[in-house]
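Asks: Keeping the supplied structure of chain A fixed, place chain B upon it in accordance with the hints.
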Amino acid sequence: MAGTAWRSAILNLLKQWGLSLYGKDKIKAQEVSQVVGALKKESLQPRTFTRGIHTVTLIPGDGIGPEISTAVMKIFEVAKAPIQWEERNVTAIQGPGGKWMIPPDAKESMDRNKIGLKGPLKTPIAAGHPSMNLLLRKTFDLYANVRPCASIEGYQTPYTDVNLVTIRENTEGEYSGIEHVIVDGVVQSIKLITEQASQRIAEYAFEYAKNNQRASVTAVHKANIMRMSDGLFLRTCREAAEKHKDVKFNEMYLDTVCLNMVQDPSQFDVLVMPNLYGDILSDLCAGLIGGLGVTPSGNIGANGVAIFESVHGTAPDIAGKDMANPTALLLSAVMMLRHMGLHGHAQKIETACFDVIRDKKALTKDLGGNSKCSEFTDAICQRVRELV
Amino acid sequence: MAAHTAAMSMSKILHPFLGGRLGNTAKVFGRTLSSHKNKTGNSPPPAKYGGRHTVTLIPGDGIGPELLNHVKEVFRFCCVPVDFEVVHVNSAVETEDDINNAITAIRRNGVALKGNIETKHTMLSFVRWLTFVPSFVPLCLLMSVGLLFISDTTTHLYANVMHCQSLPGVQTRHKNIDIMIIRENTEGEYSNLEHENVSGVVESLKIITRTNSLRIAEYAFQLAREKGRKRVTAVHKANIMKLGDGLFLQCCREVASDYPDLTFDSMIVDNTTMQLVSKPQQFDVMVMPNLYGNVVSNVCAGLVGGPGLVPGANYGRDYAVFETATRNTGKSIAGKNIANPTAMLLASCMMLDHLKLYDYASMIRNAILSTMNETRLHTADLGGQGTTSEVVQSIMRVIQSKGSLTSEL
Numbered sequence: 001m002a003g004t005a006w007r008s009a010i011l012n013l014l015k016q017w018g019l020s021l022y023g024k025d026k027i028k029a030q031e032v033s034q035v036v037g038a039l040k041k042e043s044l045q046p047r048t049f050t051r052g053i054h055t056v057t058l059i060p061g062d063g064i065g066p067e068i069s070t071a072v073m074k075i076f077e078v079a080k081a082p083i084q085w086e087e088r089n090v091t092a093i094q095g096p097g098g099k100w101m102i103p104p105d106a107k108e109s110m111d112r113n114k115i116g117l118k119g120p121l122k123t124p125i126a127a128g129h130p131s132m133n134l135l136l137r138k139t140f141d142l143y144a145n146v147r148p149c150a151s152i153e154g155y156q157t158p159y160t161d162v163n164l165v166t167i168r169e170n171t172e173g174e175y176s177g178i179e180h181v182i183v184d185g186v187v188q189s190i191k192l193i194t195e196q197a198s199q200r201i202a203e204y205a206f207e208y209a210k211n212n213q214r215a216s217v218t219a220v221h222k223a224n225i226m227r228m229s230d231g232l233f234l235r236t237c238r239e240a241a242e243k244h245k246d247v248k249f250n251e252m253y254l255d256t257v258c259l260n261m262v263q264d265p266s267q268f269d270v271l272v273m274p275n276l277y278g279d280i281l282s283d284l285c286a287g288l289i290g291g292l293g294v295t296p297s298g299n300i301g302a303n304g305v306a307i308f309e310s311v312h313g314t315a316p317d318i319a320g321k322d323m324a325n326p327t328a329l330l331l332s333a334v335m336m337l338r339h340m341g342l343h344g345h346a347q348k349i350e351t352a353c354f355d356v357i358r359d360k361k362a363l364t365k366d367l368g369g370n371s372k373c374s375e376f377t378d379a380i381c382q383r384v385r386e387l388v
Numbered sequence: 001m002a003a004h005t006a007a008m009s010m011s012k013i014l015h016p017f018l019g020g021r022l023g024n025t026a027k028v029f030g031r032t033l034s035s036h037k038n039k040t041g042n043s044p045p046p047a048k049y050g051g052r053h054t055v056t057l058i059p060g061d062g063i064g065p066e067l068l069n070h071v072k073e074v075f076r077f078c079c080v081p082v083d084f085e086v087v088h089v090n091s092a093v094e095t096e097d098d099i100n101n102a103i104t105a106i107r108r109n110g111v112a113l114k115g116n117i118e119t120k121h122t123m124l125s126f127v128r129w130l131t132f133v134p135s136f137v138p139l140c141l142l143m144s145v146g147l148l149f150i151s152d153t154t155t156h157l158y159a160n161v162m163h164c165q166s167l168p169g170v171q172t173r174h175k176n177i178d179i180m181i182i183r184e185n186t187e188g189e190y191s192n193l194e195h196e197n198v199s200g201v202v203e204s205l206k207i208i209t210r211t212n213s214l215r216i217a218e219y220a221f222q223l224a225r226e227k228g229r230k231r232v233t234a235v236h237k238a239n240i241m242k243l244g245d246g247l248f249l250q251c252c253r254e255v256a257s258d259y260p261d262l263t264f265d266s267m268i269v270d271n272t273t274m275q276l277v278s279k280p281q282q283f284d285v286m287v288m289p290n291l292y293g294n295v296v297s298n299v300c301a302g303l304v305g306g307p308g309l310v311p312g313a314n315y316g317r318d319y320a321v322f323e324t325a326t327r328n329t330g331k332s333i334a335g336k337n338i339a340n341p342t343a344m345l346l347a348s349c350m351m352l353d354h355l356k357l358y359d360y361a362s363m364i365r366n367a368i369l370s371t372m373n374e375t376r377l378h379t380a381d382l383g384g385q386g387t388t389s390e391v392v393q394s395i396m397r398v399i400q401s402k403g404s405l406t407s408e409l
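Protein chains in written order, with UniProt numbering: chain A, 1 to 388; chain B, 1 to 409.
Excised from the complex, chain A in its bound form (with noise of 0.2 Å):
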C-alpha cells in the first residue's frame, strides 16, 4: 500500500515536469535521483523514517566506547525502536598523497546512511595525525554543535532549573587553526569568521528553535570588543530573525551571559555562539546538569549528515571493567531518535533512563551509586519493558 502510494507520488510528479518513465522521453538515472531528491526534501526538518528500518553507523570509539556502545544496542533492542547498526572503525589511515583521513568504507556508510552515532574517540599525542574529531568535522562538514542541557531529576546538582541549547558554529571562528610567530616572542592567531558559516549557523539555530518548540534565540558575542568580527556574526544572526519572526531574538554580551548563567540559568533558552564562546559555554552547561558524562551532544552537517556523539573521554583506567556510565551515549542516541523523527521510541526511551537515575538503586559509580553498567543497563531495559 505504502509502495504504490510512493509509486504513484512519483510518476505524478514525474507527468508534472513533463517527464515519463516509458517511451522516448525514457528518463535518465540523475533525473530520477532529482525527482526523488525534491519529494524528499532535503532540509534541516527531523526526517520522516516512519517506514521500516533505517540504518545507522555505530562508531564505538575506543576505551569505555565499546562496552556504552554495547549497552545502548541492547536498550534500542528491548525498545523495539526500528534501527539496524552498521559498526565502523575510524582509526586514522594516509591516503594517496599523505593526506590523512578516516577509513574509506567508514566514509561510505557515513555518506550512505546519514546518520552516526559515536564513541569517544581517543587522541594519540605525536601520532602525526590531526585529532579524529577533527577529520570527522572537516569530511562530513560538520558545522553546528548542538548540545541540549536539561537538568536530571535524581542527580543533584547546585542547579536544579536548567533547560537550554547551545549551538555552536563547528568550523572557523578561534579554532581556524592558523598561528604564525610573527618576530621570535609574538605570536599571531587567526580568528575567521565568513559570512556564510555564521549564516549557516544562524539558519540552523532558528530551525532547531522551530523545530524543537523553543521560544527563543539569544545570539552570544562580543562585538563591543571584536567589533568587525563579531559585529558579522550578529548582523547575519539579525537577518536570520527577520525571517523567523515567530521565535523570539535577542542578543547578549558573552560576560553578561557567564555572569546571568551561573546565578538564574533558567533566563535562558536556544545561544547561538561562534566557536571559542560555544566551547566554553557549552562545557559551563555542561557542568551545570552534572558533567559531560550525562550530556548528549550532536553535530549536524551539509549535505544532511548528523552525527551524535557523547563528549566525555575514553577513561583508559574503566575500559573493559563493567564500570562506564552509558547514559551520555544514551541521551545522544534519544536526540538521533527525535532528528529522525522517532518522537515515541525517544521519549519510552529517555523516560526509562530518568526513571532508573531518580530511583537510585542501580546507579554507577560517578553517578553516585556502585552498581556494575550491565546492571545499569539492565534496569532500564527493565524500565523499558514496563513502558511498552
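The hints are simulated quantities; they were obtained by calculation from the structure and are not laboratory data. Treat the hints loosely; a few may be bogus.
[To be verified] Using 25 Å as the maximum straight-line C-alpha spacing, the simulated SDA-like pairs for lysine to any residue come out as follows:
| id | chain 1 | residue 1 | chain 2 | residue 2 |
| --- | --- | --- | --- | --- |
| 1 | A | LYS245 | A | LEU234 |
| 2 | B | LYS279 | A | VAL162 |
| 3 | B | LYS242 | A | VAL162 |
Replies: Below, chain B alone, put in the same frame as chain A:
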C-alpha cells in the same frame, strides 16, 4: 614586540581615518623593553601633598555616578585624607580630546576610581585607552612629528586583579569560595586588529607576546606569595591554539620555576568553567590571558553572589585604577536607589590599601562585611528589598559605633 603592537594600536587610535594597520607607514622608535623586575603595587602613592592624596574620580555611566557619590559620602564621614578630582568620561563623550584629558588627570594623580562606562560601538572603549597610554611625550608633538616615541615607562595597566570571596551573609549555591583572578589586560583577543580582506570574510588577530606573558605571570606569582596563597593555576586553550596559548603557558611555567614554594598547574578553559560550577573551592589563584579572564571573572562573580559584590583593580607599573570587577553599567537600575554599593565601596577600600591607608581600609571593609550579614539590608540583586542609601547609612552607623575615627586624624 609589545612596543610595536602598542605603537600600532596607538597609531590606529590617533588616525581613525586611515584605519587598518599602519605598521608599514608609522615609524616606531622604541627601546627594547627590558625585563621588568616588577613588584606588585608598591610604587609610592603619588600626588600626596600635605598628607592628603588626590585621586581621579571617573563617574561613568549608569549607576556609576550615584555609587561614587556614596563613596565620597563615606570617605567624608570617615575623614579619609583623600581628595577627588572628578573627570567626566562617559558614552556622551564625542571627541578623543576629552579622553586625553581624562588620561592626563590619571597620569597626574597616579590612582583612579572609576565607574563603568558604556562602550559605544563606534569609539574605542575607555578601558582600552587606559591600557595603552604612553607616558610623558605630549601627543600633539608626536602627531606633528609623525613619529611615535614609546619609552619603556608606559602606563600599561597590564594586570586586572579580582578577588572573589564568599561573603558570609549572602546566600549562594556554593560556599567557601576564595579565588584571586589575575587577567592579562593588554593583549590577547582584545588587540582590536581586524580586517576584511575579502567581502564576507573577517579576520581578527589575537596577539600573545612573550614579554607580556612573562610580566603577568611574574605579577601573579608575586601576588600569590605576598598574600600567602598556595597554588597558581594557568588557564589556557593550548591544545587548540598551540602557538599562542602555548607561549603563554610556557612563560607561566618558566616563572613558576622561580617560585618553588608555590604549586603551579594548568587547566584548559572549558574544563575550568565546568569545574568552577561544580567545585569552585579547588581554585586558589588563577592567571590567564584576556578573553578567558573575562569569562572566568564573570563566572566567579556570579558564583559569589553577583556583580554588585566584587571589586576589581587594574595595576600598571606606575598607575592603578580601581573599579567594580564586572564592567556592567547597570543602565536599567540607574537613579532608582536600588544598586548594590558593596562592589564600589570594596574597590575604594582596595584603593586605600594601595595608598597605604590601611587603617581606613580595614575600618570601612569590616563595616561593609558586618552590614552584609544583615539580610534585611540586602539590595535587589541579592534578593532583598533594601535601598542603596539604607546600606550606606548602615555602614556609616557601624563605623561610628566602632568609635575611634574622628579622634584619629
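Asks: Taking the earlier hints as the rules, which of them does this structure contradict?
Replies: 3
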